[in-house]
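Protein sequence lines, in the order shown, are assigned to chains S and A. Take the first sequence: its position 17, counted from the start at 1, is 17 in our numbering, and no numbers get skipped. Take the second sequence: its position 152, counted from the start at 1, is 152 in our numbering, and no numbers get skipped.
Think of the hints as simulated: they come from the structure by calculation, not from any bench. Watch out, some of these pointers could steer you wrong.
Straight line, CA to CA, 16 Å or less: simulated EDC-like cross-link-like pairs of lysine to aspartate or glutamate [as the list claims (entries may be wrong)]:
#1 K258(S) / D239(A)
#2 K109(S) / D68(S)
#3 K258(S) / D266(A)
#4 K8(A) / D212(A)
#5 K258(A) / E267(S)
#6 K8(S) / D215(S)
#7 K258(S) / D215(S)
#8 K258(A) / D266(S)
#9 K259(A) / D204(A)
#10 K8(A) / E86(A)
#11 K259(A) / D218(A)
#12 K8(S) / E86(S)
Number of protein chains: 2
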Amino acid sequence: MTDDFVRKYGPWAFVAGASMGIGAALSREAARRGLNVLMLARGEDQLAHTAHSVRDEFDVEVRTLAADLADPAIARLVEEATADLEVGLFVYNAAVAPAGRFLDVDLDKQLLSVTVNCATPVTLCHLLAPPMVARGRGGIALVSSNGGIAGAVNFSTYNAGKAFEWILAETLWTELAESGVDVTTILVGATSSPNYNAFKETLDPGLCGRRDSDDPLDRARARLMHPNPPEQVATALYDQLGSGPVCWADPDDEFVSKKCLAMPRDEAVALWRGVQMTSTRVPDRQAL
Amino acid sequence: MTDDFVRKYGPWAFVAGASMGIGAALSREAARRGLNVLMLARGEDQLAHTAHSVRDEFDVEVRTLAADLADPAIARLVEEATADLEVGLFVYNAAVAPAGRFLDVDLDKQLLSVTVNCATPVTLCHLLAPPMVARGRGGIALVSSNGGIAGAVNFSTYNAGKAFEWILAETLWTELAESGVDVTTILVGATSSPNYNAFKETLDPGLCGRRDSDDPLDRARARLMHPNPPEQVATALYDQLGSGPVCWADPDDEFVSKKCLAMPRDEAVALWRGVQMTSTRVPDRQAL
Numbered sequence: 001m002t003d004d005f006v007r008k009y010g011p012w013a014f015v016a017g018a019s020m021g022i023g024a025a026l027s028r029e030a031a032r033r034g035l036n037v038l039m040l041a042r043g044e045d046q047l048a049h050t051a052h053s054v055r056d057e058f059d060v061e062v063r064t065l066a067a068d069l070a071d072p073a074i075a076r077l078v079e080e081a082t083a084d085l086e087v088g089l090f091v092y093n094a095a096v097a098p099a100g101r102f103l104d105v106d107l108d109k110q111l112l113s114v115t116v117n118c119a120t121p122v123t124l125c126h127l128l129a130p131p132m133v134a135r136g137r138g139g140i141a142l143v144s145s146n147g148g149i150a151g152a153v154n155f156s157t158y159n160a161g162k163a164f165e166w167i168l169a170e171t172l173w174t175e176l177a178e179s180g181v182d183v184t185t186i187l188v189g190a191t192s193s194p195n196y197n198a199f200k201e202t203l204d205p206g207l208c209g210r211r212d213s214d215d216p217l218d219r220a221r222a223r224l225m226h227p228n229p230p231e232q233v234a235t236a237l238y239d240q241l242g243s244g245p246v247c248w249a250d251p252d253d254e255f256v257s258k259k260c261l262a263m264p265r266d267e268a269v270a271l272w273r274g275v276q277m278t279s280t281r282v283p284d285r286q287a288l
Numbered sequence: 001m002t003d004d005f006v007r008k009y010g011p012w013a014f015v016a017g018a019s020m021g022i023g024a025a026l027s028r029e030a031a032r033r034g035l036n037v038l039m040l041a042r043g044e045d046q047l048a049h050t051a052h053s054v055r056d057e058f059d060v061e062v063r064t065l066a067a068d069l070a071d072p073a074i075a076r077l078v079e080e081a082t083a084d085l086e087v088g089l090f091v092y093n094a095a096v097a098p099a100g101r102f103l104d105v106d107l108d109k110q111l112l113s114v115t116v117n118c119a120t121p122v123t124l125c126h127l128l129a130p131p132m133v134a135r136g137r138g139g140i141a142l143v144s145s146n147g148g149i150a151g152a153v154n155f156s157t158y159n160a161g162k163a164f165e166w167i168l169a170e171t172l173w174t175e176l177a178e179s180g181v182d183v184t185t186i187l188v189g190a191t192s193s194p195n196y197n198a199f200k201e202t203l204d205p206g207l208c209g210r211r212d213s214d215d216p217l218d219r220a221r222a223r224l225m226h227p228n229p230p231e232q233v234a235t236a237l238y239d240q241l242g243s244g245p246v247c248w249a250d251p252d253d254e255f256v257s258k259k260c261l262a263m264p265r266d267e268a269v270a271l272w273r274g275v276q277m278t279s280t281r282v283p284d285r286q287a288l
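So that you can see chain S by itself, here it is in the shape it has in the complex (with noise of 0.2 Å):
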């Protein structure tokens, strides 16, 4: 399995929003098949010691990009630093989440997360997608997550981010896959990572339902309260890498997801305005 992995996205990984959580697993899992890795973070001291440990552990090269994605610059820093690589596999994992109600939150930092969220993945793409074209093979992966499929409460621009990249990644699955390049992206739940993890100290476990429910707000709590490993996520993606335009890293977020999708909109609305109430963070000034 480690030798098709490199033949249709070897030699090198490049993994955008990788010193941590998620995009470190994604490194270390493109490390553990095989590929070269080129990760890029904005924190030059956390990225440097997550590449550090990728390269002990694994026989391949690990290089570093310290840069912000939302540089208006970015192209010309990921050109430059990609310029010698045969980049088969781009990750794209970064994404800016404002939390709070839309108009508490300043506009910069939306705006940012339209940057980071939306703009960014289309300039990377637009980067990195010919080349892959041209040798005839390749993989494009855009983490998303559950919470693009639907509004709610405090997460107005992050969410219709998530939902730009699950639509724009359908669209290159579609448009790419006559060229041998496999697109997809992935709807994450909740994962382990330092943020998430202090965010689960607000829940209120009384609130937090049972895995094997048949209403989707109880499996969409239940699922709150057991995080997901962030290697469960890297592993999935790649295991999936090839297989459709969506993914998923556990069968109760494709269960949510799946059934909030073929609600009416407004229930679809109300059951993620019911999850993000299971929480105590962002107090919610509105009966459901």
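Using the hints provided, position chain A relative to the given structure of chain S.
Frame of chain S, contents of chain A only:
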């Protein structure tokens, strides 16, 4: 009904993307319902012409703002133009739709579409919603598209941007409800406009299915040959503002869209790909 409309959404409507097609109809219908209208578009002559005809027909005030929605100063321009107005209804109808394969369309055009379809609606909602919230009444409508619910060939960033608006509107719908501000998005299908009518000439009538079919591809293709008048979109949008986060102007669009959301994603994308193939304008290089 007119009095009620004015009480909820008056005295001024602001329509962004107002000079032609759906935007002109939205301006005219707002005036018919008793609102004064501030009309924004880029092309000064066409805007003045349309504004003149609205002013002639209805006993309301009509102002114009010739501005580019991609202008980085757009917030200031709109702020100045609305400084002495009580805007109770904000309609965002503008869109940039670069047609063609993702890799064949210049990056600049793709990023322009992200600005106009994602960033600017965020900016203008952030500017125009707070006074509505303070007054405890108002309406915001984002004009989206059935194209936003799935990827499809040739409309990569357009469809993704329409998904952004759809999900953003859903969040605003639930967040602003408590303040008495109504938000909705309309998922528009084929609508008569100079652009659409030129496109319609490229359709293969042999492929254009039946409107009474239970097959959503058939039904979607049939809609292409029967575009609705822009007035139908305007009436449907204002009639349904206040009734839920998402609405449609045509029962066939609603049928197709709900079927599509309930499908596996590869089938949803294939459906829109099938609709696209009805046109001979942009050749499809891949077998379905």
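Hints versus structure:
no.: 1; hint: K258(S) / D239(A); result: violated (30 Å)
no.: 2; hint: K109(S) / D68(S); result: holds (14 Å)
no.: 3; hint: K258(S) / D266(A); result: holds (13 Å)
no.: 4; hint: K8(A) / D212(A); result: violated (37 Å)
no.: 5; hint: K258(A) / E267(S); result: holds (14 Å)
no.: 6; hint: K8(S) / D215(S); result: violated (40 Å)
no.: 7; hint: K258(S) / D215(S); result: holds (12 Å)
no.: 8; hint: K258(A) / D266(S); result: holds (13 Å)
no.: 9; hint: K259(A) / D204(A); result: violated (24 Å)
no.: 10; hint: K8(A) / E86(A); result: holds (12 Å)
no.: 11; hint: K259(A) / D218(A); result: holds (12 Å)
no.: 12; hint: K8(S) / E86(S); result: holds (12 Å)
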